[in-house]
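Undergrad: With chain A's structure known, arrange chain B with the ligands on it following the hints.
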Amino acid sequence: MPDTTSKITFSDNNSTFNSAGVQFIINPYDEIALSKAVELAEGGKGTVTVLHVGDASSEATIRKALAVGADEAVRVDAPARDAWFVANQIATYAKDQNFDLILTGRESIDYNGTQVPAFVAELLSIPSVSIAKKIDISDSSATVEREIEGGKEILTTSLPLVVGTAEGVAEAKIPNMRGIMTARTKPLNVIPAVEVASLSAIKSYETPAPRSTVKLIDKDNVAQLVELLHSEAKVI
Amino acid sequence: MSVLVYIENVEGTFKKSAFEAVSYAKAVADLAGQDIIALSIGQVEESELNKIGTYGVSNVVTVNTDQLGQFVNQAYASVIAEVAKSKNASTVILSNTFSGKGLAPRIAAKLSAALGAAATALPTVDGNKWQIKRTVFSSKAIATEELSADKRVISLSPNAFEVKENPVSVSVENFQPNVAGSDLSTVIKDIVRATDKVSLPEAEIVVSAGRGLKGPENWGMVEELAEILGAATACSKPVSDAGWRPHSEHVGQTGIAVSPNLYIAIGISGAIQHLAGVSASKTIVVINKDPEAPFFKVADYGIVGDAFEVIPQLIEAFKAYKNS
Ligand SMILES: Cc1cc2nc3c(=O)[nH]c(=O)nc-3n(C[C@H](O)[C@H](O)[C@H](O)COP(=O)(O)OP(=O)(O)OC[C@H]3O[C@@H](n4cnc5c(N)ncnc54)[C@H](O)[C@@H]3O)c2cc1C
Ligand SMILES: Nc1ncnc2c1ncn2[C@@H]1O[C@H](COP(=O)(O)O)[C@@H](O)[C@H]1O
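Residue numbers (numbering that gives the first Met the number 0), protein chains in the order written: chain A, 0 to 235; chain B, 0 to 323.
Just chain A, same shape as in the assembly (with noise of 0.2 Å):
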């Protein structure tokens, strides 16, 4: 993912985004996501797969997430065209590694999407929860914190499971030195990818209006607001 603070713009008449001069970094959600798998493989219960869709330019982002703990890596190598071409690939690597839980990030901060973790859950006929503040596991049973409109929902269901995880479902950890050291040494397999069709594309983008400059209203008057607010933005 392009850095929080990246200016972003488009090249080629506003249709492909411009990554030069880019900084590049795990998706936060997806931090939270690997947080959680190596919290709940540690001591030996199980081990933490990292899977990324992306060409080789990304090798250096997945060797800090094998930095952070995960066992081993692979990378499908081919861009992610979209979230239902990102979904067929997970789904089809996953088939037959008998995961019990697959973690995602809640959203991919630059195209924004919610779709991954349903769309892997559908292609394997399994149980998903697309925004999870917090997961439990027990043997072969999920409790799942997930967020609604206005409040939470908790649930339990069964293994195997995609979860797409939010804020709150594990601090984020920072790799040591010996993580640093040992993940120069863990598998990073590098896979092709299974074919797609492909059924939607985006074709522009644009930056939205900047605003009108800021109207400033004395402290002392701020009944100029309320009249404001009322009979020119009409939002009151």
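Since the hints were made in silico from the structure, they are not lab data.
Please note that the accuracy of each hint is not assured.
Result set (PhoX-like, lysine-lysine): computed pairs, CA atoms no more than 20 Å apart in a straight line [claimed, not checked]:
| hint | chain 1 | residue 1 | chain 2 | residue 2 |
| --- | --- | --- | --- | --- |
| 1 | A | 218 | B | 288 |
| 2 | A | 218 | B | 318 |
| 3 | B | 196 | A | 151 |
| 4 | A | 172 | A | 63 |
| 5 | B | 150 | B | 84 |
| 6 | A | 132 | B | 188 |
| 7 | B | 296 | B | 132 |
| 8 | A | 185 | A | 44 |
| 9 | B | 163 | B | 50 |
| 10 | A | 214 | B | 296 |
| 11 | A | 151 | B | 188 |
For each label pair, taking beta carbons as the anchor points, the in silico distance ranges come out as [stated by the list, open to error]:
| hint | chain 1 | residue 1 | chain 2 | residue 2 | range |
| --- | --- | --- | --- | --- | --- |
| 12 | B | 290 | A | 207 | 23 to 33 Å |
| 13 | A | 133 | B | 289 | 31 to 41 Å |
| 14 | B | 29 | A | 179 | 57 to 67 Å |
All C-beta atoms in this analysis are idealised placements derived from N, C-alpha and C, irrespective of residue type, glycine included.
TA: Structure of chain B with the ligands alone, referenced to chain A:
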């Protein structure tokens, strides 16, 4: 061919976002020259179902079996896809709520449909090529996405499309779905709702405060202001991290994204990660004692002043307005 709109109920009632989806779907059906059918799942009284007619949709299908009393995305997606097939719907529309986010991809996969998630405006329709608009890069850009399949699922962002009244009378049909046991392995144990307050993602007005408020003991006046305006309260990330306010109020890139008609930010600097979750608001008011605070750059109205002096005056001014 027809348009099917799934309308989500919350404990038997339809929220504003549900009627936005109905209004949007009706406009889409008119654009595409197709019939429109609304689908409700779960226990909803006839009087509530009749409200769908207010927004121009007369054909309402309900699925109301015991198995589907509570929302389980696997089972609901199966039912929506089944109804879509049986009604020959080539377009399925739903609201992009928290539940909608878990449903839309599943429905699209079941129907081999293209997914247009989080649409913010009416699509353009050209045969099987439809184009939707949605925000990307944490609201820093808007993308035009083309859906090119025989079928499509479109989820509509809440607060992006205004409800349109167009009253017709409603006829209700009961539908008996085939629900597989394997779709029902999820059980809802508990639902916790903040009942006394306006729900943040749906609120039309949001009063939000940051570290400038100094401590949790000072939120009384923020809540009072919100109450007068019928607004939801929100906060910046450090405020919820410090435990001054619950995490459910944290807005921004890593919190909830909101797009109310009016967002009032008090004592918040306007860091880019905060703006990512609020810049889609229609009107932004910023109150900050520092005239250089970055938030003023994206505000429509601003007051440079001390929150502890300005908020009490605002409370009085809004009270006077409400009583006038
Ligand atoms: C990866 C990442 C993700 C993040 N996600 C989010 C997010 O989702 N949401 C979010 O909010 N932040 C997020 N942040 C944090 C963000 O960068 C800022 O640190 C945060 O928004 C600042 O909060 P604040 O404005 O409340 O506090 P401050 O930056 O401390 O600002 C306080 C403001 O209050 C003003 N003030 C002080 N006293 C008064 C007074 N008496 N009256 C009026 N004004 C006063 C000051 O002038 C100042 O502008 C994220 C950061 C990172 C690195
Ligand atoms: N290219 C990718 N490779 C691996 N995982 C991805 C990729 N794109 C998205 N995801 C996962 O899917 C989640 C949701 O993405 P999205 O549906 O695009 O918002 C992200 O937080 C990631 O965990």
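Undergrad: Each hint: holds or not?
TA: Hints and how they fare:
Distance check on the hinted pair: residue 218 (chain A) and residue 288 (chain B) sit about 10 Å apart at the alpha-carbon level, within 20 Å; holds. A distance of roughly 17 Å separates the Cα atoms of residue 218 (chain A) and residue 318 (chain B); the hinted pair therefore holds under the 20 Å criterion. The hinted pair formed by residue 196 (chain B) and residue 151 (chain A) meets the criterion: a straight-line CA distance of about 14 Å does not exceed 20 Å. A hinted pair counts as satisfied when its Cα atoms are at most 20 Å apart, and residue 172 (chain A) with residue 63 (chain A) qualifies at roughly 11 Å.
The straight-line distance between the Cα atoms of residue 150 (chain B) and residue 84 (chain B) is roughly 11 Å, inside the 20 Å bound, and the hint therefore holds. Straight-line distance between C-alpha atoms of residue 132 (chain A) and residue 188 (chain B) comes to about 15 Å, which keeps the hinted pair within the 20 Å bound. A threshold of 20 Å between alpha carbons decides the hint, and for residue 296 (chain B) with residue 132 (chain B) the separation of about 25 Å lies outside it, so the pair is violated. Annotation: proposed proximity of residue 185 (chain A) to residue 44 (chain A) holds, straight-line Cα distance about 19 Å (limit 20 Å).
Of the pairs offered as hints, the one joining residue 163 (chain B) and residue 50 (chain B) holds, with about 12 Å between alpha carbons and a cut-off of 20 Å not exceeded. At most 20 Å may separate the alpha-carbon atoms for a hinted pair to count; residue 214 (chain A) and residue 296 (chain B) meet this at roughly 10 Å. Annotation: proposed proximity of residue 151 (chain A) to residue 188 (chain B) holds, straight-line Cα distance about 11 Å (limit 20 Å). Distance hint for residue 290 (chain B) and residue 207 (chain A): a CB-CB separation of about 24 Å, consistent with the stated range 23 to 33 Å.
Between residue 133 (chain A) and residue 289 (chain B) the beta carbons are some 37 Å apart, a value that agrees with the proposed interval 31 to 41 Å. Remark: the range hint 57 to 67 Å for residue 29 (chain B) to residue 179 (chain A) is upheld by a beta-carbon distance near 59 Å.
Violation of the numbered hints given earlier is confined to hint 7; every other hint is satisfied by the structure.
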